[in-house]
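Participant: What follows is each chain in one-letter form.
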Amino acid sequence: MAASGDETKLVINQHYDESLEVNDSEEVASVYSPSPRKSPAPLGLSSDRSVGRGEPERIMASEPSPSDDLSMKEFSTHRKELGPDDKAQQSLGGTGQNSFSEEDSEEDDDSSSTEDDDDNAGAIEGAYDPADYDHLTVSQEIKELFQYITRYTPQTIDLEHKLKPFNPDYIPAVGDIDAFLKVPRPDNKESTLGLSVLDEPCAKQSDPTVLDLQLRSISKTSGVRAMQVRSVKDADRNPKAIDTWVESMEELHRSKPPQNVHYKKRMPDIDDLMQEWPPEMEGLLSQSELPTAQLNCSLQSYVDIVCSILDIPVHASRIQSLHVLFSLYSAFKELHQFQSDNVENGNLDGQPEVLNFE
Amino acid sequence: MRLKRFLLRYYPPGIILEYEQSEQLKTKAIDLLDLRPEHDPAAVAQDLSMKEPLITKTRIPQVQKLVSKLQEKLVASEDHQFYLFKVLRAHILPLTNVAFNKSGSSFITGSYDRTCKVWDTASGEELLTLEGHRNVVYAIAFNNPYGDKVATGSFDKTCKLWNAQTGQCYFTYRGHIAEIVCLAFNPQSTVIATGSMDATAKLWDVQSGCELATLAGHSGEIISLAFNSRGDQILTGSFDHTVCLWDVHTGTQTTTLIGHRGEIANAQFNFDCSLIATASMDKSCKLWDVRTGQCVGTLRGHEDEVFDIGFNSTGQQIVSASADCTVRIYDAGTQRCVHVLEGHDGEVSKVCFNPRGHRVLSGSADKTARVWDTATGQCLQVLEGHTDEIFSCVFNYEGDTVLTGSKDNTCRIWR
Amino acid sequence: MGLLDLLRKLKSDQNKELRILLLGLDNAGKTTILKSLASEEVTNITPTQGFNVKSVNSSGFKLNVWDIGGQRRIRPYWRNYFENSDVLIYVIDSTDRKRMEETGLELEELLADEKLSGVPLLVFANKQDLLQAAPASEIAEGLNLQTLRGRTWQIQACSALKGEGVQDGLEWVMKTVASKSKSKKKK
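Chains as they are written, first to last, in UniProt numbering: chain B, 1 to 358; chain U, 1 to 415; chain S, 1 to 187.
Keep in mind that a hint or two might mislead.
Unchecked claim - Partial list, computed: chain S residues near chain U (C-beta under 8 Å):
| hint | residue |
| --- | --- |
| 1 | 9 |
| 2 | 49 |
| 3 | 73 |
| 4 | 78 |
| 5 | 100 |
| 6 | 117 |
| 7 | 131 |
Unchecked claim - Capping the alpha-carbon separation at 30 Å, the derived lysine-lysine pairs in BS3-like fashion look like this:
| hint | chain 1 | residue 1 | chain 2 | residue 2 |
| --- | --- | --- | --- | --- |
| 8 | B | 9 | U | 102 |
| 9 | U | 65 | B | 189 |
| 10 | U | 65 | B | 9 |
| 11 | S | 54 | B | 233 |
| 12 | S | 175 | U | 283 |
| 13 | B | 9 | U | 57 |
| 14 | U | 26 | B | 164 |
| 15 | U | 283 | S | 162 |
| 16 | S | 175 | S | 16 |
| 17 | U | 26 | B | 162 |
| 18 | S | 9 | U | 283 |
| 19 | U | 26 | U | 86 |
| 20 | U | 283 | S | 11 |
| 21 | U | 69 | B | 204 |
| 22 | U | 283 | B | 9 |
| 23 | U | 69 | B | 264 |
| 24 | B | 9 | U | 51 |
| 25 | S | 62 | U | 283 |
| 26 | S | 16 | U | 283 |
As the list claims (entries may be wrong) - Some chain U residues close to chain S (C-beta under 7 Å, calculated; not the full set):
| hint | residue |
| --- | --- |
| 27 | 10 |
| 28 | 46 |
| 29 | 50 |
| 30 | 136 |
| 31 | 177 |
| 32 | 181 |
| 33 | 265 |
| 34 | 268 |
| 35 | 304 |
| 36 | 407 |
None of these hints come from the bench; they were simulated from the model. Note that the Cβ used here is the ideal one computed from N, Cα and C, for glycine as well.
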């Protein structure tokens, strides 16, 4: 290939279709090189991996996530071992790289190389330098002891650890209030854990789904966002999770505020409606009965009649007026005194069911 | 960090940088999913250089050339008219599936006659017959892009791995207790996944022949299966009306996509692994966010069961095929139906984009396959000739060859 | 129909769907019987190169009938379709006395298969509309049906072309399956 590197080579049966050698490339500072450690963005969370919208040209993987890196390495290895020309002779053992072991070794290499970089960066400040102590007048025996300082190489102990992402924006959860029982720092410096930085969440976390439902029940703007649905794995073997769920649901329903209705137009206060009728009206009622449901008219007009008798305005929709009517009815029903009153004067007998306040 | 090679990927458009760091060869991919022929390559190269330290100022002219090369590949060349190139009396019983290798130089056919055959595309000659299964060979795959191995899944409950050049059977993977009906290689070609009527999927090691994991969790037959483009997640669609997402490395279930009210027919990832499209017998298709597992949209319009669904290579469009004799193209971003492709006289059971994404191919019970223009929704060609319904149809990577497999025991090459 | 539908018919709902296998030598009239069952036109039927599947509704059941080609070279593949079969229908060309022995051997082999053990057998003595047709009783004797053990069976004379006797056979199938599922429940 020409050193100018403008001629591309066609490649078949690879993840790519052409290749272009770069012979005169300059060294680029690897500070920007993304290593798995420096790009801790969890898989799929990097926002630039969304469907093609936004600015016309987007670098999808300018900071490849660990798996990106991996998959690419995977096939680059593959390419090396499986040149397009000799694949016929290729034995099975050579081609199929075990992805799992591959991954491990690669990562190990990565971490070790980073450590090397650190060493090259120069001696650590305050590190032991034998030259500093040459002038000390001590016996030969002690001086021999000094050698052991340099001879010692610290053991690297691999601690078993599990990294779990803790992302407070992503997992809605409320735990107990931080009791501020903090382990003091070994160096006795003041710790601002829990004050200026977020502490680890407490053990008993609320269920995000339950919390969501609770927030829904108290907020007025419900039904806009999609519901979070949680599933319990191996439900048959996990009755505790189901019990907890049932309990929290019962709790939720208990604490729900009662339903209330907003009328479109102003409706009179129930208390006002419950006032006694003027004496003339009472007198009239003792002589003539209220119209019964047998009245020869449509249900709609009957509702209008009843509402007008009871001073309930009827607007465009009768539903809201009827709601006031029934609220009035239930208010009367709850009024114990009124009930006993009416046992004595049963003059409202024969009233239609809906108006049967007594 | 020193750049060694630029690698160019046509579909979906992308530039892969091969570089050396600490004596190690590494690669990173820059996907240009939104690249359009009308964009200014100089500006694109400039932009890439800003974002990518490996592309230094001196590299910009080269990158600019690469970008224009990618753009050339996106421009529709003069209209390709397909003609019937070869009729292959491939099998003595109906065909099941057909598949190309990446270069399109050879292809494979599976059949009810218990064999899988490897063919040379240019001559239409049979290269190999892969014999050994004791029942229908239903699911077949090349380990693309490498194409040096073939996997076959059979109603005899086993999966076999073959050398695509010699026909030697490397392994027979046993463990399923019912018919294997779908399979796939991961993009790295290290793992085979199989889905079965026994409601499980299994992951198998290509190199050792061992079972790596059993993906159990569905309550119905697994009917479709797909790896994402990174190879770290796998998707299974089932007759139990759900779709499950699994972590390939741990073999554990990460998400269940619940919402369809009928059997799942197919489920696919888009290229950047952010979206999943599912087709169901409930007459709808749905889109799901991979991260949250939430349904982000329902693609309605079909009046009967939906049998197949697919993204184009960049993931910007979706195509679906239905028993209502139509094919529909949707925009993945707006979720609007862009075109209804009408013309088939029978159920449409298979549909796919060509890799460039400007054509759609559909196969139907009306014994024809049709080629459609994705820009206009017009039917460009009716590929007639099969004497029974078409079970499978595919484009090659270049998009200049079509393969149709039919119940009439033949396979046809159209060029 | 498509491949997907074939998979669905492979695993039919045990309670409401039946999987019926239609076998027999080439030219016995399997496809004609299938079309007659599905009330379709029975003219212009060509040798089946693979298989045909049709769904027929009968007394609340959905019958998925698989008609498999009978040519000698594809007979070895009949086994592909044995799994989950509820009823085996074996079709015989009553006029083809020359191949009576051959058809008997094929049937014998079928009945010996483990996957079909206990599956009820209906034999259609087809083409009774032709003069030279052998009567059903003679065919039953020729096939040694009387010696069958551990299997309910029936022979039905029919003419698929004229549509005679096919429905009677189907009724027997429904009756047998109903009583079989009852006895299963008792157990």
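Participant: Indicate, hint by hint, whether the structure satisfies it.
Facilitator: Structure-based check of each hint:
1. 9: With a closest approach of 12 Å, the residue 9 (chain S) hint is violated.
2. 49: This interface hint holds because 5 Å falls under the 8 Å limit.
3. 73: holds, 6 Å
4. 78: With Cβ-Cβ at 11 Å, over 8 Å, it is violated.
5. 100: violated, 26 Å
6. 117: Hint on residue 117 (chain S): violated, closest Cβ of chain U at ~18 Å, above 8 Å.
7. 131: violated, 34 Å
8. B:9 x U:102: Roughly 17 Å between the alpha carbons, so the hint for residue 9 (chain B) and residue 102 (chain U) holds.
9. U:65 x B:189: The given pair, whose Cα atoms are some 59 Å apart, is violated under the 30 Å limit.
10. U:65 x B:9: Holds. Residue 65 (chain U) to residue 9 (chain B) sits at ~14 Å (cutoff 30 Å).
11. S:54 x B:233: violated, 41 Å
12. S:175 x U:283: violated, 36 Å
13. B:9 x U:57: Measuring from Cα to Cα gives roughly 23 Å; hence the hint holds.
14. U:26 x B:164: Holds, at roughly 27 Å.
15. U:283 x S:162: violated, 40 Å
16. S:175 x S:16: holds, 14 Å
17. U:26 x B:162: The hint holds at about 27 Å.
18. S:9 x U:283: holds, 19 Å
19. U:26 x U:86: violated, 43 Å
20. U:283 x S:11: holds, 21 Å
21. U:69 x B:204: violated, 57 Å
22. U:283 x B:9: Distance of about 46 Å is beyond 30 Å: violated.
23. U:69 x B:264: violated, 65 Å
24. B:9 x U:51: holds, 26 Å
25. S:62 x U:283: Between residue 62 (chain S) and residue 283 (chain U) the Cα gap is close to 22 Å, so the pair holds against 30 Å.
26. S:16 x U:283: holds, 22 Å
27. 10: violated, 30 Å
28. 46: violated, 49 Å
29. 50: violated, 48 Å
30. 136: holds, 5 Å
31. 177: violated, 12 Å
32. 181: With Cβ-Cβ at 6 Å, under 7 Å, it holds.
33. 265: OK, holds: residue 265 (chain U) within 7 Å of chain S, min 6 Å.
34. 268: Constraint on residue 268 (chain U) not satisfied, violated at 15 Å.
35. 304: Violated. Min distance 12 Å.
36. 407: holds, 6 Å
Hint compliance for this structure: hints 1, 4, 5, 6, 7, 9, 11, 12, 15, 19, 21, 22, 23, 27, 28, 29, 31, 34 and 35 are not met, and every other hint is.
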